[in-house]
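A.B. asks: Here the sequence shown is numbered in the working numbering, starting from 1008 and rising by one per residue.
In short, the hints are calculated from the structure, not lab data.
Remember, predicted model here, so these are calculated numbers, not experimental data.
Using N, Cα and C, we set each Cβ at its ideal position, and we do this for glycine too.
Wrong hints could be hidden among the right ones.
To be verified - Only pairs whose alpha carbons sit at most 30 Å apart, straight line, appear in this in silico DSSO-like list of lysine-lysine:
1) K1683 <-> K1611
2) K1724 <-> K1769
3) K1611 <-> K1724
Stated by the list, open to error - Between beta-carbon pairs, the in silico distance windows are:
4) P1229 <-> R1376: 48 to 54 Å
5) G1238 <-> A1337: 33 to 39 Å
6) S1800 <-> Q1719: 31 to 37 Å
7) L1495 <-> S1800: 39 to 45 Å
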Amino acid sequence: MHAARLMLFALLACGLLLASVVAPNAAQADPGRLVVQTDYELIGTSTLSGGGHVTWTLTGEEAREFRKKLIGLFDTYDPIPRGFRFGGRSTNANGDGILQPAEGLVYTDLLELELEGAAAGLIGTQVGYFRLSRADLFEEAGEGSFERSTTGIAGSDANTTGDVQIRFLFDGGSTVSDAFVALPTQAYANALENVFSFHDAQSPTLNPVAPYPLAWPFTLAPPWHRVLAFGEPALWAGNDTTGLYENNTQASIVAYADPVLGASLDLRFATTAWVEFDYTGRTASGDSLRLEVAGEPGFSDWTALSYANQTGLPSTQMGIWVRASMDLSAYVGERVRLRFNFTSDASGTDVGFYVRNVAVHAPSMYVGRIVHTDAHYLIGLLSFSDIRIGTGGVTAIRTPGGEILYYSSEWASGTPPPDEVRFSTFNIPESPQMLFAALIVGSYLISHFQESAYDDFREAHPGPYRPAVRRARWLHWLGRITILLLVLFYFIPTAFYAIGLRVFVSGPAFLLLVLAATLALGLGTRAYYRQLLEETPPPTIPEIERPAAVAGPPPPSEERIPLGRCTHCLREIPATDRAYRCDCGAVYHLSCATGLMKCSNCRKPIALEVVRKKVSVSMRCASCGEIQTVPEGVDPRTATCSACGGHLRRLDAGKAYLVVASNPAIAFGWLKDLTKGGKPSLVLTPATPERLRLEFGLRGTDIVQVSSTAAQAVDPKRLDSAGLRAILPLSRSEQGGVLLYDGVEQMVNESSMADFVRFLRKANDMMFVHGITVIARVTPGSLDDSEVQRLASEFDEQMDLSAQL
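Put together the whole structure using the sequences plus the hints.
C.D. replies: This is the structure we're talking about:
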């Protein structure tokens, strides 16, 4: 055994050691990912409006690459070079290799414009059914808003580790009324990178646009010059006099060679890149026009780009403009220059090539894994339905006020998963309000039909046997479980997703479930009880054949007619036996009744009413279980057990009782019974607290004196304020307890009936909510009958003990 423990300890130690070695290596190799978390809070009817929040979190290598881009553009250039999406904007760059808050703030300002669609000439960003129209930093006001809205950017350099997080808030609204919309979106990931995108196109007229020269991005050098070719401005390396190019020519024009306006074409931020242009013309054999590229550091190692599987441009029909596109992806991550290089040999000549509309494209897109989570909190008549989910996770929550939708998915950059949902601003079969009404009606009908079927089944039995009729508990529990399932499917229509079944309980499906459950349980319960009634008919009392008067004894007298059949043991009760009859009509052998605490038929406490006149009856104490003999007609709640000293029956906890009794001992006795076990209690009384504690042994009971003359007492005329404050701690105890009003007549006389009833109504409501028993004692004859009845209307039960106590 000891060796086994040592072996287990060794295995655990090896596992921990392996984890400590592997974990750092795994962290170093973490490729990272982009986590996009969004939430939408919208409200409306035909059109929803509101806002939400978006948080970008880049981890691992993705965070490091993102910082390099920020430093490369916003700490290096000022202003941003032409061609970039926001070319010409100041960046506050100081070139120290550290991203200062002012530089980072420029990026987030441009990210706002990107989300608002300003750079593309659009109005906002479309995301599913929602169009984002305005965006800003999460902490948009005050100094340091950038630092409070971002993490891992301010003060970072290219070697900084840790995650990068950017938090925005936005406004917008719905743009569709009924359509299928995609749940995953790459719009937020693209917006993060689009700020670094580069698209530069040559002027169609080739005219200079200050401060950029003619034919930008190329710097012209003879024999290259601007001409009109086939009605279009173009660049040409030929002789205007002959209309041909010269022999033995080597002429090139370089793009992005200006040290101020464009020292190089910066592809460090691009995901992919290509250059395209229009050309037309032809050359003699041995002559060619090539587009070449050269990289750092000297931009002198020129390499021809390939088009149509050849480095030189192929000839075209004269006047037919061909759009050529050449790939620059091999140079992504570098700074390069481009040039057109025209060469001709010593023999043969032709018109050459005309070139125009040169454009360079270097878009920046996120490449990596994207984790996307959405939360839609929508209030109105809208509905989500027909959820089509492949790999993502979704949870839909219906409420009468609107709907909530949670969605999450993960994918590699490119094409998001084809998950979609139908969004409708108002669709009657899917309306959460309509479905809630169907839930309420269906639940009521299921319960009503089952109870009605049982009541009819019970009424079909003769009166003496009805107390013995029992309901089919399993059938009624099936109804309750069905109602709970309907509630579940209404509020969480994606409940099946939790067990791996991608089944969405749509509006029509839910209505069908409600209808089927109502009919099946309503009709099924009635059919079950009808069949039970046919199979087991209730017993009947056999008729007794009476012999002829001459031959037999005289008929039995009325006193010998059986009293009935015992509800407990179902045997007949002879007329000569002592019996007990409950208020509901159920009859028991006295021996059976003494062993019961509540009536089997109505579940009320056994209250003695002996069918035949008896002096006393026996009952079992609810506290100790001992059999006690009490006078006939005495309320068992007022009778004391000789064995334990408690009352034979207790008051029901949480109810309110008005007691008409001259002796306060009964009320204080009930209080002590109900507070056994440490439950709190409070007494409002005109009497002196010390006298009550001494007389009734009230330990642990708070006593508040209500008097207009005593010091530190509550004024009866201010019960509505001071009295409620006095009972407030009892209502906050959350343990139940007892509140006793002793001497109510004095409180009424010192204030008024209206004021006391107003206080009583508020106090009793507070006690009812917290399950606290309320007892009020009135001295017999101290108030008019009408006043007593008015007080009784504020209580659950009135107990007149004036004849006993």
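A.B. asks: Against this structure, judge whether each hint is valid.
C.D. replies: Right, here's what the structure says about each hint:
Distance restraint check for K1683 and K1611: the Cα-Cα separation of roughly 23 Å lies within the 30 Å cut-off, and the hinted pair is therefore satisfied. Using a Cα cut-off of 30 Å, the hinted pair K1724 and K1769 holds, with the two alpha carbons roughly 15 Å apart. Between K1611 and K1724 the CA atoms are separated by roughly 39 Å; this puts the pair beyond 30 Å, and the hint is violated. For P1229 paired with R1376, a C-beta distance near 53 Å keeps the hint of 48 to 54 Å intact.
Range check, G1238 to A1337: Cβ separation about 36 Å, and the 33 to 39 Å hint holds. At roughly 33 Å, the beta-carbon separation of S1800 and Q1719 lies within the given 31 to 37 Å, and the hint holds. Between L1495 and S1800 the Cβ separation comes to about 41 Å, which falls inside the hinted range of 39 to 45 Å.
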